[in-house]
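Protein chains: 2
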Amino acid sequence: MWPTDEVIRALTERGDLWQSAPGVTGLRGSVGSLCEELERAIGALLVGEGIEEWRVPPAIPLEALERADYFTSFPQWLTVAAHLDADVEKMEMVATAASPARACSRALAPAEVALMPAVCYHVYAALADRVLPAARRVAVRGTCWRHEGERLAPLERGWAFTMLEVVCLGSPADVEEFLSCGVQRATDFAGALGLPATVADASDPFFAPTGRGKALLQRMKRLKRELLLPLDAERGIAAASFNDHQSFFGESFGIRDADGEPISTGCIAFGIERWVLAWLAAYGPEPDGWPVMNNVVPTNGGY
Amino acid sequence: MWPTDEVIRALTERGDLWQSAPGVTGLRGSVGSLCEELERAIGALLVGEGIEEWRVPPAIPLEALERADYFTSFPQWLTVAAHLDADVEKMEMVATAASPARACSRALAPAEVALMPAVCYHVYAALADRVLPAARRVAVRGTCWRHEGERLAPLERGWAFTMLEVVCLGSPADVEEFLSCGVQRATDFAGALGLPATVADASDPFFAPTGRGKALLQRMKRLKRELLLPLDAERGIAAASFNDHQSFFGESFGIRDADGEPISTGCIAFGIERWVLAWLAAYGPEPDGWPVMNNVVPTNGGY
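Chains as they are written, first to last, in the working numbering: chain A, 83 to 385; chain B, 83 to 385.
Only chain A is shown next, with the shape it has when bound in the complex (with noise of 0.2 Å):
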């Protein structure tokens, strides 16, 4: 294995890699290639027969995170896209100020949408209000954005990050089955790159002061688990999750079955920096020590 602090210095050093700010990364050269050509085979490997592929806006209403509950789990990570004022005057203090960069933030419109922390989230507040007749499976993708402070590391923690969700809405049943083919699937895939995958139950990091005991539930009825990638022989790395939300988005989104009751749905999503870095972690930073990438993802296809 190699280092991963290793691996990206020797990839800033050669510049390949920078950053316009903590956890927001650039890739150019091999590496930068190498994360396309993951992202394609993530992309083939979460599509097929009566999977529907939604290209999602880049943004999500505040409102839409509002009804998911969001504020009280995870206000930490929020980060918004806010334009300026569109008084004239505001815009002529930014233009002539010494440091316009500083005075900008005084002059910000209030935010009325977030940079996603999920894609999924589009899925629920697009089919808000509605009766689903038979169960429906969604793949999406875009750029998500948590702040995570002092925690953000290129590749491993991004503030923005790529992400591809398959999203499946239906029955209890039809979410176990779409989940449990999900880890299958993307345990076969790891293989075939030659990482050796481990699923482990896992839980997400709620706001301790509000979002207080969902943690230690959602880990008693197992509704979330992680493929763990190895950085190290004592450090894995999440690269895919697999959530079961029961009917937690079907009831906030007011989106039924044909009986009337709230849907289930679950969702399983793809970090694709850290499938790179785990392949950095693996076979080194130079394109040199790379296998080829062949017939990794499955034709016979389909959830």
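Each hint should be verified, as a subset may be incorrect.
Same chains, same names: a pair is fine if it fits in one copy or spans any two.
Unchecked claim - Result set (SDA-like, lysine to any residue): computed pairs, CA atoms no more than 25 Å apart in a straight line: (1) K303 / S115; (2) K303 / P380; (3) K306 / T225; (4) K296 / T269; (5) K296 / P199; (6) K172 / R184; (7) K172 / K303; (8) K172 / R149; (9) K306 / W84.
It is worth saying that the hints were derived from the structure and are not from the lab.
Bear in mind that the values here come from a model prediction, so they are computed numbers and not experimental data.
Based on these hints, arrange chain B on the given structure of chain A.
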């Protein structure tokens, strides 16, 4: 031609187009696939022998925009990514507010990054204060954000939209050749899609109080050209632009040639959603009216 307001209404009614906020648009179904297909084709059009492909970060430091004199030119468009203040009491205030969505604007940390108004800023920022011994061409893509207030319209003028760009850094002659080749390739590509394009001189909408005179200079020197696709008998849409920056970014970012002179730059930028709209205006909102998109990208490629 199909009137664009009718096209948007039809897509919205069948659920294939929706907005998270004015100008922040999602697509699914046939129009989602169309958008993906056009993005793939334009992506293939813009790369080739000798063109580097970078995977840029989804945000840019405000300081980089400051260095590019952005704030006097286009403050009206500026959109920042801002996270909540890390102070636990402020987070708790948001989490327990009657309307967390409204409360969060009062608990933001000062913004340090912008959601980029154009992708090419990343290239100048990453090459800042370097000497380039030879000309370079770099392909980049990403979600760009420009808040255009009342003018925002789905697909036509997004707050957020998808931009694919190639940047050339070299001598004035390198840039000139790059841009004329780009104009030709873009015109041919539109022709292959069956969309009759015209190329026109243009200028950017500089902020009047502080950007005064810049648009006039741009027009006089013929530094900006746009590829216009028809929306109806009278109205066209700028679906690509060809920009000669002369030595502006070379000087601003201290990028120099082998002789120590500020490098010249130019960029070619495609706005994907506008190609989608022009296609729909030509062929209608129903996919059974769409021609097959075959051989629209020349395989002999390269600039």
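Structure-based check of each hint:
1. Taking the shortest Cα distances, K303 and S115 never come within 25 Å of each other, neither inside one copy (40 Å) nor across copies (38 Å).
2. In this assembly of identical chains, K303 and P380 lie within 25 Å of each other by CA distance neither inside one copy nor across copies; the values are 31 Å within and 55 Å between.
3. Taking the shortest Cα distances, K306 and T225 sit within 25 Å of each other inside one copy (22 Å), while across copies they are farther apart (31 Å).
4. Proximity of K296 to T269 under the C-alpha cut-off of 25 Å is found in neither arrangement, the shortest distances being 27 Å within a copy and 57 Å between copies.
5. Proximity of K296 to P199 under the C-alpha cut-off of 25 Å is restricted to the intra-copy arrangement: shortest distance 18 Å within a copy versus 39 Å between copies.
6. With identical chains, the CA atoms of K172 and R184 are at most 25 Å apart both within one copy (13 Å) and between copies (21 Å).
7. In the homo-oligomer, the alpha carbons of K172 and K303 never lie at most 25 Å apart, since the shortest distance is 52 Å inside one protomer and 31 Å across protomers.
8. For the homomeric pair K172 and R149, the shortest alpha-carbon distance between copies (21 Å) is at most 25 Å, but the shortest distance inside one copy (33 Å) is not.
9. In this homomeric assembly, K306 and W84 never come within 25 Å of each other (Cα to Cα): the closest approach is 29 Å inside a single copy and 48 Å across copies.
When the structure is compared with the earlier hints, violations turn up for hints 1, 2, 4, 7 and 9 and for no others.
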